[in-house]
Amino acid sequence: MVGATQGLGARVAKSVVQQILSVYPPSLRQRHGREMFSHFMEMGRAFNRQAPRTGWIRLIVLAVLDTARRAPQEWLADRHTSRRSPRSGWRFEPGNWRRAFRVLRRRPGFTAACLLTLTLGIGANTLIFTLVNGVLLRPMPYDESDRLVVMWQTNENWRNASNPTLRAFADRFPLSYPVYRDWTELPRAFQSLGTYAGLKVVLTGRGPATTLYGARLTHEVFDVLRVQPLLGRTFNTSDDRVGAERTAVISEGAWRTVFGQDTSVIGSPVLLDGIATRIVGVMPSSFTFPDGGDIWAPIEDADRQRPRDSQFLTAIARLRGGWTIERAREDMERVTRAIRTANVGDQDNVGFNMQWYEATVVGDVRGALFVLLGAVGVVLLIGCVNIANLFLVQARSREHELAVRAALGASRWRLVQDVWRETWLITGLGGALGVGLATVTLQPMLGLLPRALPGRAELHMDWRVLAFAVASCTVVALVVSLIPMMRIARTDPSPALSGSRGGSTRRESVRFHGMLVVTEVALAFSLVLGAMLLARELRGLLSTPIGFEPEGALTARISLPDNTRTQDGQVMDFFRRVADELQALPGVLAVGGSSSSPFSGSNSSTTIQFQSEAGQDTLNVAREVVFGGYFAALGLPILQGQTTTSALAEGASRPVVVNRNFAEGFWPDDGPIGHTITYRGEPYTIAGVVADVRHVNFADSFRPRVYFPLEILDQDGRSQNIIVRAGVPPVTLVSSLRDAVYSVDRDVPVESIASLADQVSQRAASPRFYTLLIAAFAGLAAVLALVGISGVLSYSVVQRRAEIGIRMALGASRIAILRAVVGRGITLAAIGLVLGLGLGAAGTRALTLLMDDVRFLTPSVLVAATVLLAGMAVAASAVPALRAARVDPRTALTSDA
Amino acid sequence: MSRNALKPQWFHILLALAGEDRHGYGIMTEVLSRTGGTMKLWPGVLYGSLRRMVDAGLIREVVNPSEAPPDDNKERRYYRITARGRRALTEEAERMAQYVAIARERSVIT
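If you read the sequences in order, they're chains A and B.
Residue 1 is where the first sequence starts when you use this note's numbering, and the numbers rise one by one after that.
Residue 898 is where the second sequence starts when you use this note's numbering, and the numbers rise one by one after that.
Fair warning: there could be bad hints in the mix.
[As the list claims (entries may be wrong)] Chain B side only, calculated, beta carbon under 8 angstroms to chain A, not exhaustive: (1) 939; (2) 947; (3) 948.
Read the hints as simulated data drawn from the structure, not as lab findings.
Note that CB positions come from ideal geometry on N, CA and C, so glycine has one too.
Model the full assembly from the supplied sequences, consistent with the hints where possible.
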């Protein structure tokens, strides 16, 4: 078996190398052609000894690359010396390639169909591979990144907790500073281990206040990642101790935009959250740990002194050389047991969770990208089948020409070579056009990419993408050339020359074509089914009522810098002044804000006690701290009672508003108005009920929610999502909003300004992107399959002209002929649909990687997809059917096919 | 000829032929191993260079060298360095030595 495959590999390589060598100028081939050929083959044998499976493939790739690089220079050199050599009688002849080119040019329709198919197929594949390459294949910018792991704690107790936040934390729970100390000392698995937490600071004193995001981290993180600063230094142990001077490292981006690339910034103090901090280094732009970010600072003193149950850190570590992750996990098991013994009671349910760093960065996207790559691969496969079909038809209609040439002494091998050359020529051209298409469409596609996609900023074509395109072209050329070659190799000149129609081989070939078409339809149908399922889910998602009105409002995140306005009442005072400024603008209808407005990404929950109709209750609820006309600005209807603002105006002391979910869950009969809830030991009176909103995203379920007034919980609302509802387009208010904030305080940053509608729609960006792509691929696949049906039917009509003529002469009506041809098209399509249904059903599981909760096939989707494809199949059969019906029995019977 | 530096490929081919006559495949493997795999003379580059080097009179083809193993492929052509080639090789090596001496003087290398 192995011997057979090697033999095949060698044979294929041999003919490929021969073809490749024919690209060189005759002068070189004449002198060195044989040598080069045996040289390549010897290399191939050597490669094969090293790697029996891939040796020949490696040789072919190398030979293609070598020739692509070298042949043009040889031609140039040849022209230079203008030495014309006599035409060599050997196998390599540029004339062969010229002839192939002529053959293609003589059949513009055929050539255009092939080129179009290839351009779309290779183009789409290259485009998706660019995504895969940028997101999955490009190595992380860290030395030996395959040894990096991240670690969290786990807590068994929370796996079944009622609070969803706790449940989410069960597997990825942060660690405390003491645990980090233990983890740096006890395990043997790590070369080094560091820890980090998110960081957000406000930089003031340099133009308008700017919010910088990044991480607090221990100095080991830089060792773990093995990164060097662009300027200055990173942290060391002296930065990482209690009482150390405050230091920070900034990104190359921040250094450029905020500090104007001033090198004197190193060592100079800046104000971060109002505290003087010394910038000690600038990191290169490749350093994006943990996810983007512009500033890194050591863990704060206060946080270093927090106890074992105060968890806020994530650990990142580099495994020792030679350690597997399994061995490292075993080591950590030992450490966890030791920590448990040393801290009895505290850490009983606490474990650890160790994952490859690379895997956590790429996360769920991996599966989704592979589904896309699979789908687009199916499109290319359909394209291949189509082209093979076209070539087959060509080969048949050229049978006479080939037979003549065979009779004149051209070997069968030679005819095979001809077809092969045409295939390679057309695949090469189509591939080049496809790469061009991908290059042109890459930029527009970037705009559609979900913002959450990691590495989306770094997407571009590189050598890997080109190599992929070359490889796909090679595969296409091999697949496409194999099918016609199998048939030509059997060409016997005598029947074709003698004019006999060789009925049995014809029928066999028609059946073969039919098989190809059935395959195409099956593949296309499964993609169409998938696209329809996704589209239905997306439509369902987008039409989910979200409870508020996203159109016509502008939103921005305004966070007061730490260490400022720390007196109760100062926060409310600030936001009231901002709201007054905004309210005065023409066209503004309502202004308000919340500590966590829906779809803003912020979320907070808390525990309250209250007396409901069922008795005393303790409940975990979502909490928002709101001010001004928040409900009006959001377009959130008040169902009962009044807002906190108006209740306060009427003299209520501690009013809150609750949502309908809460109200109906606990006071189903007489409503919650006037009832009391206790929060942080203080009583609050429920003044109103508002409608439920989807808070996190479209799929979010409702949960009890309490809106507290900023007037009461002043310091809890230091960050507000301001919402401005206006009668004018929201974007026209962007600069007014900034001005309003800066007029009150220049040191308060304004972030994430966006129309509320944009903020909402961004949450559906990933499903929308995937649906759009799959739908495009499905459309492409369907069109290609139909071109296939049409082509095969046309071919069989041409082949069976005489038969049709006889039938008509015997009295068959044109309608009957029409029906017969269309019927055959529908039969082929129907077989394809049945097979495709099986494929589609199997593929539905893969769709869950693109979108959560894709339901299984429903009759409606199935019927819609079937009707669509069947309708298209009828349409595709129409043209050949009409052609058949126009057959004139007299001419059909007198001329041979 | 002697004014300009030799192309690195030519230099290595001459060097490979300095000791003994070799066929194309032999030149490739010799240069590969001598340069630790950094100088790859795949056939396109190799035979293009060989052709021009023959035309330039630096090497010549020998049909059946006496040292060739008896079972060797008869189709193979062997190449032998000419006197001119040897001179070019020496000049190139001397030029390189000169560069090295200058670099050493400036303490670029030790």
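Here is what the structure says about each hint:
no. : hint : verdict
1   : 939  : holds, 4 angstroms
2   : 947  : holds, 7 angstroms
3   : 948  : holds, 6 angstroms
In summary, the structure agrees with every hint in the numbered list given earlier.
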